[in-house]
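Could you slot chain B onto chain A? The hints should help.
Listed below are the residues making up each chain.
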Amino acid sequence: MKTMVIQVRSGTMMNMDTNVAVKLAQAALEKGYGVRVFGYGEAVTLVKNGQDPKRFPNVGKETKEMLEKGLEVVVCETCCKARGIARGEEIEGTKIGSLTNDMSRFVAEGDRMVTIAR
Amino acid sequence: MKSKLFMTLKSPHEFNGLELVREAAKGSKSGMVLFEDAVIFAANAKMGRELLSVVQDVYIMRDDWEARGLPLAMPEFKVIDYPEAVELIMETYEQTITV
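Chains A and B supply the protein sequences, listed in that same order. Residue numbers for the first sequence follow the numbering used here, beginning at 1003 and rising by one. Residue numbers for the second sequence follow the numbering used here, beginning at -15 and rising by one.
For reference, chain A alone in the conformation it holds in the complex:
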């Protein structure tokens, strides 16, 4: 099975970038590809549990639904610390990891890499 790696750098509700990432991931999973997402910088908000936006798509809920379909999501620990997001605050099934261990593994093992960033 081929795998798409998506690196996201924008935060949820900053703009539509995380929604683009979610839609790409959903479509790739539907087609039977593996999908791995790495959240860097503001994108660590992808995995914050308890998201409840009133006027925006709920990226946290969409992420949770994709985890059941095989999505793997890791976000940068240093970026989390900088923003006061602690271990245990991530959506169950996602991981607070690192650029050097996880992102490098994703890149090495993935077939295509897509960067959603400005």
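Zero decoy hints are in this set.
Calculated cross-link-like contacts (lysine to any residue; reagent style SDA-like; alpha-carbon spacing at most 25 Å):
no., chain 1, residue 1, chain 2, residue 2
1, A, K1033, B, I64
2, B, K(-12), A, M1115
3, A, K1071, B, P67
4, A, K1066, A, E1111
5, B, K(-12), A, A1119
6, A, K1004, A, G1099
7, A, K1025, B, E(-2)
8, B, K(-14), A, T1117
9, A, K1033, B, V63
10, B, K(-6), A, Y1042
11, B, K62, B, Q79
12, B, K10, A, A1119
13, A, K1033, A, A1110
14, A, K1004, A, A1029
15, B, K(-14), A, R1107
16, B, K13, A, D1113
17, B, K(-6), B, E7
18, B, K(-6), A, M1016
19, A, K1004, B, T82
20, A, K1025, B, D48
21, B, K(-6), B, G53
22, A, K1066, B, M74
23, A, K1066, A, A1084
24, A, K1071, B, E71
25, A, K1063, B, Y66
26, B, K(-6), A, Q1028
27, A, K1004, A, N1103
28, B, K(-14), B, T80
29, A, K1004, B, T76
30, A, K1025, B, L72
31, A, K1066, A, R1107
32, A, K1025, B, A27
Quick caveat, the hints were computed from the structure, so don't treat them as lab data.
For chain B alone, kept in the frame of chain A given last:
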């Protein structure tokens, strides 16, 4: 040379990657997918033609295009949905580059 799919989310007014794309695309099969405000390229014939002078095919995301309600000035651009974008990324082109 590997075939290349360029991607951008930037509007034509903030996009400054044209020369980079021109150089990187030289000698290879190339395309570009426009997301979010980048679809505005399709509403401006001058800017749209500039893009088509550096890559062979330009694709715009249907939901981003329809959300903006703009008149299409570049009928050569292909309007696509997410499953088609995935096909381009995973099968049609060998590399993706975000600019």
